[in-house]
Every structure is written in C-alpha cells, then in structure tokens.
Amino acid sequence: MPAWLLGLVPAVFLCVFFAWPVANILARGASTQGLSLLRRQQLWRIVEFTLVQAVASTALTLVVAMPGAYVLNRYALPGRRVLLALVTVPFVLPTVVVGLAFRAILPASWIGTIWVILIAHVFFNYAVVVRVVGGLWGQIDPRYALAARTLGASPWSAFRTVTWPLLRPAVLAATALVFLFTFTSFGVVLVLGGPDTVTLEVEIYLRTAELLDLPGAAVLAVLQLLMLGLVLTVTARLQARSAVAQRIRAPSARTLTAVATLGQRALAAGVLVTIIVLLAAPLAALVLRSVRVGDSWGLTFWRALGSVDASTTRFVAPLDSVRVSLQYAVATAAFSVVIGGLAACAVAYSGRAGRVLDAGAMLPLGTSAVTVGFGLLITFDRAPVDLRGSWIMVPLAHTLVAVPLVLRTTLPVLRSIDPRLRQVAASLGAAPVRAWATVDLPLLRRVLAVGAGFAFAVSLGEFGATVFLARTDTPTLPVQIVRLLSRPGQVPYGAAMALATLLMVVTAAAVLAAEALQGRSRVGG
Amino acid sequence: MRAVSELPEPTGGDRAGVDRRALAVTGVAVAFSGRTILDRVDVAVGPDEVLALLGPSGSGKSTLLQVIAGLLRPDAGQVSWDGRDLAAVAAHRRRFGLVFQDALLFPHLDVAGNVGYGLKVAGQDRQRVARRVSELLDLVELGGYGGRAVATLSGGEAQRVALARALAPAPRLLLLDEPFGALDRDLRDRLAVDVRALLHQLGTPAVHVTHDLAEADLVGDRVVRLSDLSRPV
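So the protein lines, in turn, are chains A and B.
FYI, the numbering for the first sequence is 1 to 525, going by our numbering.
FYI, the numbering for the second sequence is 1 to 233, going by our numbering.
Heads up, some of the hints might be wrong.
To give an idea of the chain A side of the interface with chain B (calculated C-beta under 10 Å), a few residues [what the hints assert, rightly or not]:
hint	residue
1	A23
2	Y75
3	G79
4	A148
5	T150
6	A158
7	A258
8	A449
Hint data in this document are derived by calculation from the structure and do not stem from the laboratory.
Cβ coordinates follow ideal geometry from the N, Cα and C atoms, glycine included.
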C-alpha cells in the first residue's frame, strides 16, 4: 500500500471542513453588498485599532518577557524547570478564563480600555517569548560572548554584536507568533473590551451573531485573511534572511551561570516579581473571587452552578456545560488522534505529497478561529451537507485547530525511528504491516496519547469558533461563562468566576499531564 | 609562518623588564558548588615567556585561564600584571587574548569579520581594520580567506582564524586553551611549531594549556604541571 494513501482521510477532511468553508467566505465576500462596506470609515477605524493593539501588544510582550527568557534559561535558579512549566500555564488557558481573571483583579473602570487588553495579551504570550527565544538562548554557547569580551567588547557590546545576531531568528519567530495571536485575539477582547476596542474578530462576530450581516462579515474575514497572509509572508522572508546556518549549541550542557553578582540577583528578582504579579496574581484573584460572597467567604457561587438560580429557563444549568464540554473534548481528542495520526504517517513515509499535506494541515492554525467557525456556519447550513444543529459541528471545528498540534508532536517521534529497526523485523520474518505494528506502533501509541491530551485541552478552551457553532441548549464551558457574564446580578457573575476556575484547573491538568507524558516518551524513544 | 617585521608594534610601553614577571597569579582558589577546582594556585609568566601548562582534562586548566582573562572571579587570590592587581579591571580592558579549544568563530560573521572583530569594537576605522585583517591572515597563512564563511573552514583553518582573531587587537598576553585539542596528531604538531615561532616573533607572552606532554614540550619555553602549582597544605 503506498504511503500517501494514508493521507487521503486527512486531506479530504481538510478540503471539506477547511478549504471549502474558506472558499465559501471568499465567494460571499466578493458580493457588491459586502464590498460597499469597504467604503465605510468605521470599518477602517476597526482595521486600524486591530493593527495598533496587535503591534502594541507584541512590543510590550517582548519588552516584558525578554528578561524572563534570559533569566529562566541562563541562570541556575533553584526550581528552574518547575518555574518554566508554570510560566507556560497561562498560554494554554482558555481565553475566556484569562478574561475573567483580569476582570477579577483589575478595577472595573479599566474594563473596556485598550490597556486591559494589552496586559492580558502580555499575560498570554509571555510563555511564547520565554519558550521560543529562551529556548535558543539557553542553547547558545556562552563562550561566544566570552570570546567577544577577551577581544575588547564590553558586556553590552558583546550582547549587541554577538549574542543578539545569533538570537535574532528566534526573536523574529516569537514576534511573528505573538503578532498572529494578538491580531486574531477574540475571547480576551470580547470579555475585557468595550465599544472602543472592537477588533476585526469581534466585528466579524457581531455582524454574524447580532446584525445578521453575513456578506459584511465575509468581507471582513477576507480582509483579515489577506492581512494575515501578508504578515506571514513577510516574516518568513525576514527569518530566512537572518537564519545562521551554523551549530551554535554549547557542546557541554553547562550553559547556566550561577546567580552571584548584585546585578544578577536584581534581574532574577525582577523576573520573579513579574511572574508573580503578572501571571500568578490574576489566576489567584479568579479563584478568590469565586469564593468571595459579599464581605465574607462561601461556596454560594459554586452551589449555584448546579441550580436553576443562576440560570433561567432559557439558560442551561452551568454545571451541565461541564458534561457538554467533556463530551466535545473526548470526541475532539478521538477525531484529532485518528486524523492527525494518519497525517503524521503520510507526511513521515511519503515525500512530496506528504509535504503538501503537512503545510495544508498547519493552515487552520494561521487562520483566525472566528473565520473557521464562521466558514463552517455558512457552509453547512444547507444541502449538500446540512449539519445545522448537529452536535458534530463543534468537535469538527475543534479538530481543525487540534490536528496541527497532534501532527507536530507525532512527526518528530515517527521521524526519529530508525528505519533499520523495521528492516531487522522484516529479516526476522515479519510482514511489512506486522513489522510496522511491532516497531513503530508502540512508540506511536504513547505520543498519540500526548497529542490526545493537547487536543482535549484545546477543545475545552476553544471559544472563537465554538461561539458560532454551539447550540443554545448545549453551550460549552467558555460559551456558558460568557453568557453568565452578560447577565445582571452578583450570583451569575460569581458563578462565572467559579466556572472559569473549574475550567482553568481541568485545562491545566490536561496539558501538564500531556507534557509529563511527552517528557517520558522522549526518554523512551 | 611569515616574518612580522611589517606588523605594527603589538604592545605599548608597558612591557616589563626582563627580570620582572609580566603575569603573576597568587593563591587563586575556585570552587563550584562546594567542589574545589583550583586550590590556591601560584604561577608566574615572564615578559617574553611561553608557559606550557600541563594537566589532565577536568583539572581546572580552563578555569584558571578564565580567571586570568577576567571572565571568572576567583573565590580567593589575585591576578596581577606588572605588579598591579587586576581585580578591578574587567575582561574587555585587560587586553588578554584567549583562544578556545573549539575555535568558536562567530557564525554570523565571515573570516574577515571574525579577525577584525576586536579592532571594530575598539572603534578603529574600516580601512585600518581591513589592512590589519589581511596582515594577520597572511601571518597565519590564510591570505585571501577574508570573504569565506566560517562554516566552510576545516578544523585547522578555523583554529588559525581563531588565533588571528585573538592576535588582531595586539594583546599583551595570549591565553591558549587546548587550541589544538580537536585536531589530529599531524596537524597538531605542525600548528604547535608554527604557534611557537609566531609567539616568539611577536614577543607576546603566552600561557598554553594542554593535556599532551609532547605538545607542551613543542610550544613551551617552560613546562609546568597544574598539580604542582597548588600550595602544599
């Protein structure tokens, strides 16, 4: 059986549930009614605000997180590994949870301003810079800078002329990622923003859900796709130009320096304070708000989760959405493992067709969640494939977002398997399929479990696409949280905090478990 | 290698008298997380002397060189030059060149960029840098290599470029940390002879660290074992 046949299922899935909806958006957007929107000044104000907040968020994230990238990867701090894992937690949290956390800690008068959005974006993307830039920083041989020092360069000059050029590709990559995330940020802006902070994502949602202006929403989605494509092309060019094709890793593992001088202590302390104030405090505030009833402590809001008090007949009891979310998450994990696993095998075992599939499968990650949800909504609402009101729409959308993650975790493991192992098995009398099943499959099983964990977590927190597709009577946790937030009164507000706390704990547990499993599978493989 | 008469005088008037020590290391001690690396080491180098320092790997040779270069602060003891304590002098102001075992050429710069690095950070103008770079490349017999990417160099060539880079800012002391450790025997012997000749032509004192007795004999005016430098308890 040729290897590319394995890629057939993922390829068909991507064509039907990603390419078709996007093509549909393009077709709808080209209508005259939609295009007339481009002449409105209000639209260009939205574009401008989207760009401004993305650029500002990216710059602020870099400034705040670069010292963290350095300290957490270069200083021999006690508990450094634990700290690195904890710093990653905000990144995997659902956007809605983050929004609620900042509502819990910041004064109410700040809500609806650009500043809250900027701070929340720094919170979210701190880990991107620490992992991407710091990951490289931790590997650069520290003796390059030492060599520069003995040639007469001051510490600052050694950084500027040696370390910085070596670091630049990673900084560019992190900048591109943070820009992408903040440009298409939806949940955070919806929960923390106001009438003055409408981004393209929010406007697409508002036009679809509230104004029922589908052609208008399509034009905005096309506009956003074009801008994202432009940004990705430019950064790919820049990265190709600044890449240093050379081994810069330290041969020995000793790249960590002891924290000895006063300056080093001050820098390390500054980073720790940043982590506590920026990353830990909002999450702690979220938990506290869920048990703070008026002037005393209590579980009123938690109890309200199961009762009709927090909900009216139109609303489903908040606790019910826990069951809904878990069901979707399990379905997403199953779909993603099958599709992502098949895609990984096809990419690993076949040449050119595999590379095309690899690129195609990554596309949904570069597309905004709102576009994905909107596309699915307008494509499958009529024949030939009418899925209106079907439960499967939500896990399908989640699978589109999760497959790239499964692919990226699985592929390196598959590629690292020595093909001679299979030949040994064959020489011992195993038929090709049996050879594969006895050599590759045991390794694949473990890494697919890791991918399933990530897919599960993605599904729990996904909001941008879900908000278009979830049925009124079966809201997911993030959707339910936003609904509670829109209702007046102290009890729904507190119940939203409690539900967000619950969602935070489950998501973080799923991701940390997957990461722990991944760490072990690397040792084993 | 070529004669160096056409090169500018490498160091200024701070050359020590013949009977004086240029570099003096006294009682230097270093410990990493409780493990003693250097135990009160004393060593001195004369103004024109090439000292070969012999010791097995892991004996603290590189650590001693880092202390001398000012890249590592010792727990005790002092490093002085011409009788002046260097404790308050930062690495980049000591004018001590250092050549590592793996050449550690800057991967984002070409050969000329590497050799001229020290001159550029010292603020020399481009023409002077270019002139000095080509002189030094001639000196290490790599004339015309300036535009080459460092990734294309062989191990021996990379090490020669590293040597030229360290010599370019005219250091008053050269520290060589097993500079031929990664090369094969043949090349190693040839480079050892070349380096000895070069250092004597330039009159630059040097500390050459190695674990290889034959190499130490080839390069050094004097050979000492690191284990003999610690003070008796």
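Outcome of the hint check:
Contact between A:A23 and chain B, as hinted, is not supported at the beta carbon level, the nearest pair being about 43 Å apart and thus beyond 10 Å. Using the Cβ-Cβ criterion of 10 Å, the hint placing A:Y75 at the interface with chain B is not satisfied: the shortest such distance is roughly 14 Å. With a least beta-carbon distance of about 16 Å to chain B, the hint placing A:G79 at the interface is violated under the 10 Å criterion. At its closest, the beta carbon of A:A148 sits 7 Å from a beta carbon of chain B; the interface hint therefore holds under the 10 Å criterion.
A hinted interface residue such as A:T150 counts as satisfied when its beta carbon comes closer than 10 Å to some beta carbon of chain B; here the least separation is about 4 Å, so the hint holds. A least Cβ separation of about 8 Å between A:A158 and chain B falls short of the 10 Å threshold, and the interface hint therefore holds. Hint on A:A258 holds. Least Cβ distance to chain B is approximately 8 Å, under the 10 Å limit. At its closest, the beta carbon of A:A449 sits 38 Å from a beta carbon of chain B; the interface hint therefore is violated under the 10 Å criterion.
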